[in-house]
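K.L.:
Residues per chain, in single letters:
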Amino acid sequence: MAKSMFEKIWDDHVVVERDDGQTLLYVDRHLCHDGSFQGYYTLNSQGRTLRRPDLTWGSPDHYRPTDAQSLNDISDPALREKVALFDKNAAESGIHYYGLDSEKMGVVHVIGPELGITLPGIMLVCGDSHTATHGALGAFAFGIGASEVAHVMATQTLWQKKPKSMRITVNGEVGFGVTGKDVILAIIAKISAAGAAGHVVEFAGSGITALSMEERMTVCNMTIEAGGRAGMIAPDEKTYAYCKGREFAPAGEKWDRAIEYWKTLPSDPGAVFDKEVTLNGADIAPMVTWGNSPENGLPVTGAVPDPANEPDPEKREAIQGALEYMGISAGMQISDIAVDQVYIGSCTNGRIEDLRAAAAVAKGRKAVVAARVVPGSEPVRRQAVEEGLDKIFLEAGFEWRLPGCASCLCLNDEIFAPGTRTASTSNRNFMGRQGERVRTHLVSPAMAAAAAITGHFSDVRDLAEDK
Amino acid sequence: MEKFTTLTAVAAPLDKANIDTDQLVPAPFLRRPRSESFEGVLFYRVRRNADGEMRDDFILNKAPFDKAGIFVANRNFGCGSSREAAAWALVAAGVRAVIAPSFGDIHYNNEMNNGMVPVILPVEACDELRVQLHADPGAEITVDLETQTVTGPDGRTYAFTIPAFNRYRLLNGLDEIDVTLESDAEIAAYEARRVKTADWLFP
Ligand code: SF4
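As you go down the protein sequences, you meet chains A and B in turn.
Sequence positions in the first sequence follow our numbering and run 1 to 467.
Sequence positions in the second sequence follow our numbering and run 1001 to 1203.
Hints are computed from structural coordinates only; laboratory data are not their basis.
Treat the numbers as computed from the prediction; the structure is a model and nothing was measured.
Note that beta-carbon positions come from the ideal geometry of N, C-alpha and C, so glycine has one too.
There is no bait here: all hints are sound.
Distance condition first, Cα-Cα at most 20 Å in a straight line; then the derived DMTMM-like pairs of lysine to aspartate or glutamate:
(1) K244(A) to D1199(B)
(2) K161(A) to D1175(B)
(3) K1016(B) to E310(A)
(4) K263(A) to D1199(B)
Pairwise CB distance ranges (calculated):
(5) G1040(B) to E310(A): 31 to 41 Å
(6) K275(A) to D1154(B): 29 to 39 Å
(7) Q46(A) to E1039(B): 18 to 28 Å
(8) E310(A) to P1122(B): 20 to 30 Å
(9) A78(A) to A1050(B): 22 to 32 Å
(10) R1032(B) to T49(A): 18 to 28 Å
(11) D336(A) to T1008(B): 45 to 55 Å
(12) T264(A) to D1154(B): 53 to 63 Å
(13) T1197(B) to G364(A): 52 to 62 Å
(14) E386(A) to M1001(B): 50 to 60 Å
(15) E386(A) to E1191(B): 33 to 43 Å
(16) D19(A) to P1153(B): 33 to 43 Å
(17) A78(A) to T1197(B): 43 to 53 Å
(18) E1002(B) to K275(A): 28 to 38 Å
Whenever a hint applies, use it, and build me the whole structure from the sequences.
P.N.:
Laid out in structure tokens, this is it:
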């Protein structure tokens, strides 16, 4: 029978299948971060030990202030304690660990692929919802809660009920100035924030395969914002080229055997999906979200919706509430919305290509509002410095920080002033996500840089053309 | 884990769709270890005005809904972040069951791993229940896990299902890790097999 890629990977990881369909799956790779102290707490308090430290990797990203080079630099004792606790837990449990002083540290969803921890065909989990990112390499990867983290630590397995499957096909390549971020925002706008609930999503079509590995990661990263359990993209030559030579990727004969296996992964022709959605790549424009749900995406050329035009009373009220929170009015042009600050970074858009795209817009120009660039990992930061991107940003008046989650969710002090407005390359525009009453608009890195330069949302296609 | 068999409690209607876990528990509380209390954390910011005062237009700030043990919510409840603190805060607020047309996947599991029952009912059923709860504040709902039914204030019952394995664990209050370790031999056998069938995974 024709199988989808997801079914192949699922079948390969079954340890026990109960009569009721509940399945115990084996976890090939477990990623941890400084928020995993809750999982460690459960494990330790039950007197259990980590079953496979050799299959567990970690780096402090969530709490780490992005101006602190080392533990001692962290001035807030509560934050220092969180990072120190992870140092201690990691050392005691013997996992692969990249602390603040490591040249491999970074946001786990950036370093996973970077170090070759993430590979096609594997099952990978992490106590973080954006674990879907890793599906960009053809892995089955998803986020779990703290109890499940403890379960994986103790057993290297996870109970799952087989999710439904969905294929989202983007036909035709996207146009100039349009990126993976715009593709996923357009997809969520089309299918809604619950459109993929209960489903594993395979992204396919020439509009997807044409994307770079970094862009594919951005697309899969935000599958969770469409409600999806996981997102994945079939491995191809681009994927193999990306994986080759990375620290934990196979080499020599093992590499050959891996490729042989990876080639069997793509969905068979005739594989059936529970749901199919199709978009045209050419129809996708640079996107900006206007409300408090990632589904509130619009082309930058669009106008803020008018609740009066919404027939469904519940949706009308939701639009009304979002407009109030966001401090914008119905019918307003997106390009007339002025921002107070710009944040470029996160596991969605903190990779080298993202920084290149932002730097290309910032080059030779000046930011008119506060702008902050946070590389996703130490290797990304070094690469950017090597390419001179840091100088471009600094000359344009952007702040250049150390790697971490930083202002994406504000667990540390990199919070925005109450009530201010941010153009952000992260993944969530939820109320209060980036600080109290902070208004977050999600955009691509190039669009974020454009907003920094002009002070409002601007079509990056115009900016690039008149340069 | 605390057992769950049946629960009859005052229910509160939450009309908004897409209530994300950032709303349930804002980021600053994530620093708090799970060994500490999460009482008073639920909807911390949503409950308050800009000046920190409790809003009087937020339903859970008003009696009798401030004592609700069940929520009837709208689509995509608990979407977003994987933070399990959202479930801890619900339990700490005395809420052991949430009824909604759909849930964020991770939060759905987090509820079940904390002795809660997430109930998925059709949109129309959730709408009906919320209308009744608005009309008759303080009305009770019963969630019966044994029979997998919900009984509304008007006596109407609705059937629901949750994964059989989770139901079994909830009914018996069993720790998931202990149950899994009963399959230790199978896990070890898988590991032994995997090293051979996918040697490329082990550089
Ligand atoms: S960058 Fe943001 S979304 Fe990504 S892992 Fe960090 S906090 Fe989560």
